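Residue numbers (the numbering used here), protein chains in the order written: chain A, 1 to 443; chain B, 1001 to 1298.
Read the hints as simulated data drawn from the structure, not as lab findings. These numbers come from a predicted model, not from an experiment. Careful, some of the hints might be misleading.
Here are the computed lysine to aspartate or glutamate pairs in the EDC-like style, where the Cα-Cα straight-line distance is at most 16 Å [stated by the list, open to error]:
no.: 1; chain 1: A; residue 1: K275; chain 2: B; residue 2: D1130
no.: 2; chain 1: A; residue 1: K397; chain 2: A; residue 2: E201
no.: 3; chain 1: A; residue 1: K275; chain 2: B; residue 2: D1126
no.: 4; chain 1: A; residue 1: K396; chain 2: B; residue 2: D1177
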Amino acid sequence: MTFFSHLRKAAIATAFVFGATAVHADEQYFPLQSYRVGPYAAGGTGFFGGFIDYLNLINIRDGGVNGVKLTWSEGETQYEVEKGVEVYERLKSNPGIAAWNPLSVGIAYAMIDRITDDKVPLITINHGRTDTTDGRVFPYVFPLLLNPYSETSGIVNYIASKEGGLDKLKGKKIVVLYHGSPYGKETIPIYELLSQKYGFELSHIEVPHPGNEQQAQWLTIRREHPDYVVLRGWGVMNPVALKTAQKTGFPADHIVGNVWSNSEEDVIPAGDAAKGYTAITTQASGEQYPVVQEIVKTVYGAGKGNLEDKSRIGSVYHNLGIVNGILNVEAVRIAQAKFGNRTLTGDEVRWGFEHLKLDPARVEALGAKDLFHSINVSWDNHEGDGYVTFQQWDGKKWNVVSDWIAPDWKLLRPIIEKSSEAYAKEKGIKIRTAEDADAVVSN
Amino acid sequence: MSYYDFLFVIEVLVGGLLSGVMYSLVAIGFVLIYKTSGVLNFAQGSMVLFAALTFVSLVERRVPFALSLLITFAVMVALGFTIERTVLRPLVNRSPMTLFMATLGLSYIIEGAAQLIWGTQVHGLDLGIDDTPFEVGGVLISSFDLLAAAIAAAMVAGLSAFFYWTRIGLAFRAVADDQFAALAVGLRLPRIWGTVWTAAGFVALVAGLLWGARLGVQFSLSLIVLKALPVLVLGGFDSILGAIVGGLIIGASEKLAEVYLGPFVGGGIEGWFAYALALVVLLVRPSGLFGQKTVERV
């Protein structure tokens, strides 16, 4: 029964919280600002479930990272910024913190100054503010794999591939239906830039939060007759968009979702209206990848799996959590190779992230071939050139329908630098050099 | 204006009216409780979530549809009487603000309990109603919304008949009119309030099923109260007819505003436009279009 499993989890979480205060010298600690209740709990349980499952796999299978055990504790945020900050303040004094992983744009924004002062990495996989990609200005923030601008470029490149090439975009019409929030609006300038570059007609239509009513927006779309609609949604806005598209006669296979519109939670409530819908992703879904299979066998086999509902293993958010786990653990491993197999400081782990290079061969060795492509983080590029792929919903599961696609990083970099340099000027931040990045605080 | 533009206006208008009926469905639950106890039940949205989540969780556990409906209704009856016993009865004769705050707290408790009992996963809800649109004279109409409107109309007719032509309905009206006078003539207030909360639970169940089929059954379902509030302000807190007419006006005007005014102010205006409209009505008619005017001797 769900109620009793909640009680059991609460007891375990409490034990971890108290246990976490006594971290030993050979332990590396991950404070988790998770959200397991509230409006976004479905995403939170999947992501943090996958992350914890991977940490458990490393502990059970390998005895930790080179003998350093991985520990964690959770604080409930309900996806609310003030609660996220409160959890940060509560957990930040625990020793051996490797990195923060809030999976929330709002909480991440509120933490940037704090983690910079504390010299601990903040991981915003697939989200966060775009200009934090520039490690010269944001030394401790890592929007790994994908930032909003790369996502935009990836989506436009995918639409172009469907049309037969970037030159075929000329004269096409694309509507971006976006969530009425800073997150939703962040990509407006880059869509406009790409529209000018490739000659497609563009219009933006806003859906007020939370997005549970979209009749007017979809009737407007119907009147505009676009070739494609890009869905930049969040939460309930996504299934409502798909349902309303059906009501107004717009075909689902001409709707392309962004990275926060790509989960099972976004399509299942829409029922048949979601069939044919395509969305971008940095990590494929499914259980067939060796690392996921190992988690099932080793972690769930030992009764330590984090997901209550095992049918969610291999879902989009669960696999994102696993990939996030791989990236965190590998950053620790890389940092250990330089600083020693011991509990590292946050700044040492930052150095590890800034040298996080996993080519396809290393990804395969980690059991994640085709789960994600590769990453190549450097001291000044904190995104790491993540590749994207596209998946289509068939009514029951997602199926990959594209190759791995590279966003147009060269086009985006000057725009990112312009924004980050303006931020540095406004805040009086000294722009880092490679030498600055190599100077590490070890205690 | 071309013929195509004219058709488009009609399409937006019809879509808005049908959406408005969905808002009315939620608003009616508020009206029922306010009418008989003077309490603005902020927990109505949570009750919608609780009902839909209970129903869909039962169906997913292979309980037959009709039985799930019955069990959920029984749960809502139990919830109604529990609320009356544990929250309302101890707060009898307290100020309306105290009662409102109590229902605000109740809303969080019900939301938390729903997730604690049934989990946090998002569910799809298929009522077997086809949602592909059909065309009437060039205007697309959603068959699902049309059926929802018919259900809402039937519910309003049923509730109106219940209020006007049954003894218990008469008792409800007596309590709504003057609680002390009703007590003096021997009406049992706790029983009446329990029954009213049960009726509100039934409305929440119907709204939960229809809204759940539209949005999916998830936490955000409780946020539909935000759509019902301007309807109540506009139509009047104590009028079922007001809830319907208010819903239609809000639904149609916010859609027309979004399509025709939105582009001039950056779009995304329907969220606040409904409240702006309600505010204007509040300034002109403080008790709403159909609400009972309160006259107090000073």
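Comparing the hints with the structure gives:
1. Of the pairs offered as hints, the one joining K275(A) and D1130(B) holds, with about 15 Å between alpha carbons and a cut-off of 16 Å not exceeded.
2. Pair hint K397(A) plus E201(A) does not hold up; C-alpha atoms about 32 Å apart against a cutoff of 16 Å.
3. Note on K275(A) and D1126(B): the hinted pairing holds, with a Cα-Cα distance of about 15 Å set against a maximum of 16 Å.
4. Distance check on the hinted pair: K396(A) and D1177(B) sit about 54 Å apart at the alpha-carbon level, beyond 16 Å; violated.
In this structure, the earlier hints numbered 2, 4 are contradicted, and the remaining ones agree with it.
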